[in-house]
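Taking the hints as your guide, dock the two standalone chains into a single complex.
Chains as they are written, first to last, in my numbering: chain A, 914 to 1031; chain B, 255 to 367.
Worth flagging that the hints you see were computed from the coordinates, not collected in a lab. Take these hints with a grain of salt, some might be off.
Distance ranges between label pairs, derived from CB positions [said to hold, decoys possible]:
# : chain 1 : residue 1 : chain 2 : residue 2 : range
1 : A       : Arg935    : B       : Gly316    : 33 to 41 Å
2 : A       : Ala966    : B       : Ser268    : 47 to 55 Å
3 : B       : Arg276    : A       : Glu1019   : 19 to 27 Å
4 : B       : Arg276    : A       : Glu965    : 22 to 30 Å
5 : B       : Lys315    : A       : Ser940    : 22 to 30 Å
6 : B       : Gly270    : A       : Glu984    : 26 to 34 Å
7 : B       : Ser338    : A       : Arg922    : 17 to 25 Å
Predicted, not measured: the structure shown is a model, and the values here were computed from it. Even for Gly, the Cβ is constructed at its ideal location relative to N, Cα and C.
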Amino acid sequence: GAGVSQSPRYKVAKRGQDVALRCDPISGHVSLFWYQQALGQGPEFLTYFQNEAQLDKSGLPSDRFFAERPEGSVSTLKIQRTQQEDSAVYLCASSLPPDRASDTGELFFGEGSRLTVL
Amino acid sequence: AQSVTQPDIHITVSEGASLELRCNYSYGATPYLFWYVQSPGQGLQLLLKYFSGDTLVQGIKGFEAEFKRSQSSFNLRKPSVHWSDAAEYFCAVLTGTASKLTFGTGTRLQVTL
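Looking at chain B on its own, in the form it has when it is part of the complex (with noise of 0.2 Å):
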């Protein structure tokens, strides 16, 4: 069954410092992944997705996604990161038919001034 994987729990970074949060899927096939936001008391936001072509995605609030078939791998980056992007970001995998997604457990992001 397809499925997603995000390691990482909880993650802390500096304001300014880079960002890598980890995705690895579980799919048969090209996979179609997306990376969402989820902010306190709010609703999933779509940062960036993968559907075919350039494996290297560029997203909104300056975030990227790279897609490495050989590591089964979506892990998404930002260069510097913002106190405004705490938040918790879920990795996911469009499965089967229209638009039903398979979320992984979310990385929680605290930034620090």
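Only chain A is shown next, with the shape it has when bound in the complex (with noise of 0.2 Å):
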């Protein structure tokens, strides 16, 4: 597609249950992100791809929260055992390769999945 498409885009899942989120990139674009929006904040850095290689996942809270990439295109961030803390909209972003100096940080962004913890 022409944009950085994400599912579901509203979850509402009962404490304790598992939950994945998907995120499908723009096509070409080899740099993968999560962020972490929760109500009235900023973004916050999850984890980054390079194509199928995680190569920082410093963001992510707890080992409850795991991403994979394993095609190099699609990706999925997966919460285990999920908690009323994990509420937020989790954001996907992708970019052109970073040896495009002029491209350099020009992140662009799915419209998230809203997850709700009761």
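Below, the structure written as structure tokens:
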């Protein structure tokens, strides 16, 4: 597609359930990012992939959070045993290869997946 | 650590009035700075970015921002605000490598008619 696509747009989970959020980046974008945006806050970095390699996962808040991108395209963010504090909008973004200096930092964001944990 | 501060949580302006949204950064080297806009239910859209060179950068939708190293600021401006500009605005700085961004907490802009 033309933009970054995320699904589901909305997810309600009971505390303790596992959830999976999908991101389909812009075709040809090798870099993929996940951000978490709590209500009233700015996005916070979770993890970063370059192709299928997860190069930075320093922002994942706990070992309940897991992300993968097995074929270097679609990515899934999985949250196990969800807690109420996991309620947030999860944003996916993609960008061109980092060696394209003129495009460095221009992330293209999806509309996000809003997770509500009851 | 690199950080961005947006001191104004909420700003209200009248349509047609000028706008300035403040952003201060903390970064050791020359920063790469960005402004993004987020409309309700939408993803973030890049308004403009500063890497080097001319300190006054032009963006989309009539926005501009000025990088002032002496003040560690990168304020966003627009001469005449339109009702459709009502949204949340985020300043961000590139940290580390590979397009990793650190965002401010955002400024919500309300436009009155």
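For each hint, the structure was consulted:
1. A/Arg935 <-> B/Gly316: 33 to 41 Å: holds (35 Å)
2. A/Ala966 <-> B/Ser268: 47 to 55 Å: Distance hint for alanine 966 of chain A, serine 268 of chain B holds at roughly 50 Å.
3. B/Arg276 <-> A/Glu1019: 19 to 27 Å: Once the Cβ atoms are compared, 23 Å apart, the range 19 to 27 Å for glutamate 1019 of chain A and arginine 276 of chain B holds.
4. B/Arg276 <-> A/Glu965: 22 to 30 Å: violated (40 Å)
5. B/Lys315 <-> A/Ser940: 22 to 30 Å: holds (26 Å)
6. B/Gly270 <-> A/Glu984: 26 to 34 Å: With Cβ atoms ~50 Å apart, the hint is violated.
7. B/Ser338 <-> A/Arg922: 17 to 25 Å: holds (23 Å)
Hints 4 and 6 from the list above are not met by this structure, while the remaining hints are.
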